[in-house]
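> Sequence:
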Amino acid sequence: MPLRTNLQCWEYGISLCRELAFQYETLYDYQSLSWIRKMEAAYYDNIIEQQRIEPEFFRMGFYGRKFPFFLRNKEFVCRGYDYERLEDFQQRMLGEFPQAIAMQHPNQPDDTILQSDAQYLQIYAVTPVSDISDVPQLERVPERIKSFYRINNVSRFHYDRPFHKGPKDRENEFRSLWIERTTLILSRPLPGISRWAEVERREVVEVSPLENAIYVVENKTQELRTLISQYQHRQHHGNINPLSISLFNLFYKLAWDFVQQSPRDTERIHLKDL
Numbered sequence: 001m002p003l004r005t006n007l008q009c010w011e012y013g014i015s016l017c018r019e020l021a022f023q024y025e026t027l028y029d030y031q032s033l034s035w036i037r038k039m040e041a042a043y044y045d046n047i048i049e050q051q052r053i054e055p056e057f058f059r060m061g062f063y064g065r066k067f068p069f070f071l072r073n074k075e076f077v078c079r080g081y082d083y084e085r086l087e088d089f090q091q092r093m094l095g096e097f098p099q100a101i102a103m104q105h106p107n108q109p110d111d112t113i114l115q116s117d118a119q120y121l122q123i124y125a126v127t128p129v130s131d132i133s134d135v136p137q138l139e140r141v142p143e144r145i146k147s148f149y150r151i152n153n154v155s156r157f158h159y160d161r162p163f164h165k166g167p168k169d170r171e172n173e174f175r176s177l178w179i180e181r182t183t184l185i186l187s188r189p190l191p192g193i194s195r196w197a198e199v200e201r202r203e204v205v206e207v208s209p210l211e212n213a214i215y216v217v218e219n220k221t222q223e224l225r226t227l228i229s230q231y232q233h234r235q236h237h238g239n240i241n242p243l244s245i246s247l248f249n250l251f252y253k254l255a256w257d258f259v260q261q262s263p264r265d266t267e268r269i270h271l272k273d274l
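Those letters in the sequence shown? Residues 1 to 274, by UniProt numbering.
Treat each hint with caution, since some may be false.
Unchecked claim - No farther apart than 25 Å at their CA atoms in a straight line, the calculated lysine to any residue pairs in the SDA-like style are these:
#, residue 1, residue 2
1, Lys-38, Tyr-149
2, Lys-220, Ser-176
3, Lys-220, Val-205
4, Lys-74, Ile-113
5, Lys-165, Glu-218
6, Lys-165, Glu-180
No wet-lab data here; the hints were simulated from the structure. As the structure is a computational prediction, the values presented were derived from the model and not from experiment.
Please construct the entire structure, taking both the sequences and the accompanying hints into account.
Below, the structure is given as structure tokens:
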């Protein structure tokens, strides 16, 4: 089970241990049964005690006729290494493709680039979209356990492009600031045998200013919960609970103020669910 342990996917190792334990018990191979049960127990200890860094994910587009056939004019999503940020990943990819020209925008390339006798590399960060049914919903489940299911076995990722729809509000430009949200659906979930997976198709929707405000509040709330979990897990020192609660109240108030200013959209959003 080297891949799953190297990626700290101990939850998947546990299911494999159980399958082997059933076979060993059926064969009355108690020595092997004892060994596999100890391994399973060690995985549980790792889940409880070990710090797991949430990786970042990056979308890569390989455009131009100079790329090999299996990459040419295709896009992929890659799971980055621990602590690897966008700038680090870009440098690593440009090191592997030294002739490539880095594209500085997230727009889809036109035929001129696709059919060019060159290499164009387009990279930007994407956010995993987990299946909510895969994430344990019980309040007593530690946040560090929930976070595992949010970033593993994921086949959908999205990125946002802001744009103004209609005339810009001079008093509050955010009222007309919409989001074009592109969701990438992969051919297989990440992580897997490889850190890469090809994008099979994409979906594009427009997100209203209010919906985006609620989305931001939800994300900030999740970040605070993760941070609190880290402090409770003794990864940091000090008590940040009062600060976290204050920040949450602040974000909630901002969203509520937005609702008061945009009453037409409130039926579409349920703040009580946050």
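> Take the hints in turn and mark each one as holding or not.
Verification of the hints:
Distance hint between Lys-38 and Tyr-149 is fulfilled; the C-alpha atoms sit about 24 Å from each other, no more than 25 Å. Proposed proximity of Lys-220 and Ser-176 is supported: the alpha carbons are some 22 Å apart, at most 25 Å. The suggested pairing of Lys-220 with Val-205 holds, with an alpha-carbon distance near 22 Å, which does not exceed 25 Å. Of the pairs offered as hints, the one joining Lys-74 and Ile-113 holds, with about 13 Å between alpha carbons and a cut-off of 25 Å not exceeded.
A hinted pair counts as satisfied when its Cα atoms are at most 25 Å apart, and Lys-165 with Glu-218 qualifies at roughly 24 Å. Restraint check for Lys-165 and Glu-180: satisfied, since their Cα atoms lie roughly 11 Å apart, inside the 25 Å limit.
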